[in-house]
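Each chain, written out:
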Amino acid sequence: MTDALLTAEDAGLLSCHSCSLLTRAKSGADPGAHEEQHCPRCGSALHMRKPDSLTRTWALVIAAFLCYIPANLLPMTVVTSLGKVQSDTIMSGVIYFLQHGEWPIGLVILIASVVVPLTKLFILVYLLISVQRKSQWRPLERTRLYRVTEAIGRWSMTDIYVVTILVALVRLGNLATIEAGIGAIFFGGVVVLTIIAAMTFDPREIWDNMESTNDR
Amino acid sequence: MIDTSNLIACHECDLLHRIPAQEGLHCVSRCRRCNAMLHRGVENSIDRTLALTFAGLILFVVANYFPFLAFKLQGQETQTTLISGVIGLHDEGKWEIALLVLLTTIVVPLTQLLLQLYIFLPLKLNRTPWFLAKVFRFAGKLSPWSMMEVFLIGILVAIVKLVGMAQIIPGVALWSFALLIVVLAAASANMDSRVVWDRVEYQR
Numbered sequence: 001m002t003d004a005l006l007t008a009e010d011a012g013l014l015s016c017h018s019c020s021l022l023t024r025a026k027s028g029a030d031p032g033a034h035e036e037q038h039c040p041r042c043g044s045a046l047h048m049r050k051p052d053s054l055t056r057t058w059a060l061v062i063a064a065f066l067c068y069i070p071a072n073l074l075p076m077t078v079v080t081s082l083g084k085v086q087s088d089t090i091m092s093g094v095i096y097f098l099q100h101g102e103w104p105i106g107l108v109i110l111i112a113s114v115v116v117p118l119t120k121l122f123i124l125v126y127l128l129i130s131v132q133r134k135s136q137w138r139p140l141e142r143t144r145l146y147r148v149t150e151a152i153g154r155w156s157m158t159d160i161y162v163v164t165i166l167v168a169l170v171r172l173g174n175l176a177t178i179e180a181g182i183g184a185i186f187f188g189g190v191v192v193l194t195i196i197a198a199m200t201f202d203p204r205e206i207w208d209n210m211e212s213t214n215d216r
Numbered sequence: 001m002i003d004t005s006n007l008i009a010c011h012e013c014d015l016l017h018r019i020p021a022q023e024g025l026h027c028v029s030r031c032r033r034c035n036a037m038l039h040r041g042v043e044n045s046i047d048r049t050l051a052l053t054f055a056g057l058i059l060f061v062v063a064n065y066f067p068f069l070a071f072k073l074q075g076q077e078t079q080t081t082l083i084s085g086v087i088g089l090h091d092e093g094k095w096e097i098a099l100l101v102l103l104t105t106i107v108v109p110l111t112q113l114l115l116q117l118y119i120f121l122p123l124k125l126n127r128t129p130w131f132l133a134k135v136f137r138f139a140g141k142l143s144p145w146s147m148m149e150v151f152l153i154g155i156l157v158a159i160v161k162l163v164g165m166a167q168i169i170p171g172v173a174l175w176s177f178a179l180l181i182v183v184l185a186a187a188s189a190n191m192d193s194r195v196v197w198d199r200v201e202y203q204r
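As they're listed, the protein sequences go chains A and B. Using this note's numbering, you'd call the opening residue of the first sequence number 1 and step up by one each time. Using this note's numbering, you'd call the opening residue of the second sequence number 1 and step up by one each time.
Next up, chain B with everything else stripped away, as it sits in the complex (with noise of 0.2 Å):
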């Protein structure tokens, strides 16, 4: 019988490791067969996914209450937030695809923070949230389907269309975009999720 507590697969090529018994912190292990990552490890994980999370929800409001662009053609003007957006999708019938934008570009980055702060603040106070284990694979499940740094090239694809058209003019939630994407992925490069896992052994 093999003691499986100190080993793991590689997801990508089912070879088994064994999990050294000190890892150091910000280090990056992965699978000697095919190179994929097995694990990174995070030093205060907890504090800087909190810390990243709060500023994100600042982002996305403002990101979300100011509109992005505004657009100007012979003294008439309109802006678009991105609700606006949808709203014009589904106004025009195409519910499906405003469907699919309000899925990848709201709820789903949205759920996603709000779903960190309800695991990682209790976390930091030393309590356990309630159904850890599953609000946590629910959280690692939603992540292929956000999607707001592709929608930032959408934008800017989007201007250099209209710029010879009209004047076009930038606004504030433009640049909060930008930002709430470096947050973003910085949040998820310092989810340490073995931290998360341990956390759920340790309740058991």
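With the rest of the complex left out, here is chain A (with noise of 0.2 Å):
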């Protein structure tokens, strides 16, 4: 196969996300006009690019930007012990390992809940930007990048999990009680947000601007 580089879209066909099916996109489909094709075998909508991708993925990744300050600002636990009680953001936690030489903690913590999502917003800003830009570097290496964001972002769910296995089973009423705080709440939401918005991004808006001088 050395023929010239056809996509889909190029043949006028959509390709459904779920079962892979080619269609012919109706004739004279604009892109203004929203008259939705589904899916002959499976029944999913059809659409040449995921709808709005841009403007969608901008959307949330912002939220999870908005969402990222207050979950470090606030605790994510709140220990009660012998009277006193002690609260601990994301930091103070990772911090307190670190010093105490805990440091496989530490940096566990550290990789799940701000290496990961930072990393994972960078990325996307850069794709969402890079596309809009029509950036015709790299688009391998940009599509790479892409599938890191979509495998990574589970990850971070490990400090809510943590949570909630110390507020489990740490429950000695006055000897020692963790109670979950309202930063968790904020950080499971980032989680949940970037997660969605790797899912809206359309990788394939980064290679329809090679396209566009390539073959045109």
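Please keep in mind that the hints were generated in silico from the structure rather than gathered at the bench. Be careful, since some hints might not be right.
[What the hints assert, rightly or not] Once the Cα atoms are required to be at most 35 Å apart in a straight line, the calculated DSBU-like pairs of lysine-lysine come out as: (1) B:K72 <-> A:K26; (2) A:K50 <-> A:K134; (3) B:K72 <-> A:K84.
[What the hints assert, rightly or not] Simulated coverage check for chain A against chain B, where a stretch passes if three residues somewhere in it have a Cβ under 8 Å from a Cβ of chain B: (4) 14-20; (5) 171-178.
We put the beta carbon where it would ideally sit given N, CA and C, even for glycine.
Take the two lone chains, each set in its own frame, and fit them into one complex as the hints suggest.
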């Protein structure tokens, strides 16, 4: 197969997101007309590209950034032990473990709660800007970056699960009790928003910019 | 006019590819431009998926029924199962997190296992389940929200956190969790979606 690179869009074909069946786009289907076509095999709505991909992804990314601020400033856990009350944010927890020589666990929380969500958000911002500027720079590498954001997002849930387990286990009345803080709610919001943001972004947009100069 | 029946478009860069007439089993085809996976063929896909689904359901029951950790401090002991953690969060008024944990570790994995049973048991018996296309599509949409493997990391971190504070006793559910994660991953790796879609096609 050494023929010219032909995409489904060039051929006027719609590719089904769910079952990959190709369907001919209704003739004269200009992007403005919102006449929805459905996959004849599985019934999914068909789109040339994910609808409003850039706008939706931007909205979700910005919302996630906004949630990330209170997620870091407000406490994740509130520990009550023998009358003393201690609130811990994500960073204060990480610093505590690093200072007490328990760097493996400190590192796990740092990666899951800080490195992963921030990396994911910055990659998405970069991809959005590069697509909007019609960049033709290294599309393969940018597609790989997109795959990274898809793969790593779920691991941010680690800290939420840790809090869940601590809450369930450490409830010994006055002796020691751990409660989830408000920060955990915002952090959960960050995780969910970034996962949906990666879903709404359409990596085919990266390649669309390549074709507009090569073939047409 | 192009014949579309033997073509497939890459989901990540939209490039068209011809589906090889004789595709080897156990072979992965990738996009020649962006290297995304186009299709992965699996031998005896229905049998394998069904067997792993049964194993997963048994492990799921064990993992949820028994406590996975116990915590002992000055004679007092508390235990936790998956659902008791969710209830604990809910009782504190953190229902948003309780719901998120409930969905990602209990509801979604269980729904996926039950749907796999609903789909692959009739297929094995050479019948077509009702609403096959709709159900299979829905099951596929659920998979990003099943996070059992992340929960296991959460358990490990919690153990290390608490180990200096009190005595931590791992329960039987912890081992079923670990096995369940392997089984769930194997089930999704052995699912050949083309087998199901061909069946839908045949039915039309």
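> What are the numbers of the hints the structure violates, in ascending order?
Replying inline: 1
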